[in-house]
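A.B. asks: Protein chains in written order, with my numbering: chain A, 1 to 104; chain B, 1 to 175.
Hint data in this document are derived by calculation from the structure and do not stem from the laboratory.
Bear in mind the structure is a predicted one, so any value in this text is a computation, not a measurement.
Here a beta-carbon is modelled for each residue, glycine too, at the ideal position from N, C-alpha and C.
Treat the hints with caution; some may be incorrect.
[Unchecked claim] List time: in silico SDA-like cross-link candidates among lysine to any residue, alpha-carbon distance up to 25 Å:
no., chain 1, residue 1, chain 2, residue 2
1, B, 109, A, 101
2, A, 47, A, 59
3, A, 99, B, 128
[Claimed, not checked] Here are some chain A residues the structure puts well away from chain B; computed CB gaps all over 12 Å:
no., residue
4, 21
5, 22
6, 23
7, 26
8, 27
9, 53
10, 56
11, 73
12, 90
13, 93
14, 100
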Amino acid sequence: MPVTELQGRQVHVDDEGFLTVYDEWDEDLADVLASQIGIDLTDEHWKVIRFLREDFKTVGETATARRVQTVGGVPVKEQFALFPKKPAKKMAYIAGLPKPHGCV
Amino acid sequence: MTTAPALVPSFDDDAQTDRKLAIICSKGNLDMAYPGLILANAALGEGVETHVFFTFWGFDMIAKSRMNNLQFSPAGNAAMHLPVGDMRLPQSLAPLPGMTAMATKMLKKSIADLGVPEVPDFLDQIVAAGGHLWACRMSADMNHFTLADLRDDVEGIISASDFIELTVGAQLLFI
Numbered sequence: 001m002p003v004t005e006l007q008g009r010q011v012h013v014d015d016e017g018f019l020t021v022y023d024e025w026d027e028d029l030a031d032v033l034a035s036q037i038g039i040d041l042t043d044e045h046w047k048v049i050r051f052l053r054e055d056f057k058t059v060g061e062t063a064t065a066r067r068v069q070t071v072g073g074v075p076v077k078e079q080f081a082l083f084p085k086k087p088a089k090k091m092a093y094i095a096g097l098p099k100p101h102g103c104v
Numbered sequence: 001m002t003t004a005p006a007l008v009p010s011f012d013d014d015a016q017t018d019r020k021l022a023i024i025c026s027k028g029n030l031d032m033a034y035p036g037l038i039l040a041n042a043a044l045g046e047g048v049e050t051h052v053f054f055t056f057w058g059f060d061m062i063a064k065s066r067m068n069n070l071q072f073s074p075a076g077n078a079a080m081h082l083p084v085g086d087m088r089l090p091q092s093l094a095p096l097p098g099m100t101a102m103a104t105k106m107l108k109k110s111i112a113d114l115g116v117p118e119v120p121d122f123l124d125q126i127v128a129a130g131g132h133l134w135a136c137r138m139s140a141d142m143n144h145f146t147l148a149d150l151r152d153d154v155e156g157i158i159s160a161s162d163f164i165e166l167t168v169g170a171q172l173l174f175i
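So that you can see chain A by itself, here it is in the shape it has in the complex (with noise of 0.2 Å):
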């Protein structure tokens, strides 16, 4: 397992660069991770982020878009706002969780 280091410090990622230790994340790895796929992360950033991070530790797996809809709260349009493009994979990379596997 391939491991990078991001402003000094060593983290396990897979093949794509998304972290594979959970404990290894911390708050102020996100404000790298985030800045590392240009996006400078606010309030409305945070509030996903945690979520994830909260749901990932109950549930086992990443949260899809849908599913930050529903259970965290952030509609899907916000999602698109704040994480351009692909939210539902620039959310997991930030929080330092897998990529989510469910198809909704």
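Place chain B on chain A using the hints.
C.D. replies: Relative to the frame of chain A, chain B by itself:
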């Protein structure tokens, strides 16, 4: 000292992709409504411009008076299984009274259990994700429907040639 660049997923944000997907939904059965919606939703989530065109029986998916009442019938569907194992529902039983209602109820439950929305909700989500909905001119004329009879987010009633023009360069799915 040099360090390897950090491994970051490529989201292809900079790529000037002109990938476009057009999906023609021509079926109004509950089970056949879903494939197009699932693919449209997935394409939008990948940043692909997506157009959904409703024609013939697919019109029921966007008609206000019909969209909440799509049904699933096991008649003619030899792949309809009973809830236990791989037992097939005998086709002779499929047309019995009440069978469509029961099968519809069961399918709706299975879909809801997966966290997948009902058809009108799903279309809401597709539009929120930037998808475009179009209605077929000939189907509208056959049903005596105008835009007022359709979901408010249907962008227009267009002819087949309008659709061909609109989807130039698109990948196309007919369902």
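A.B. asks: Output the numbers, in ascending order, of every earlier hint that fails for this structure.
C.D. replies: 12, 13, 14
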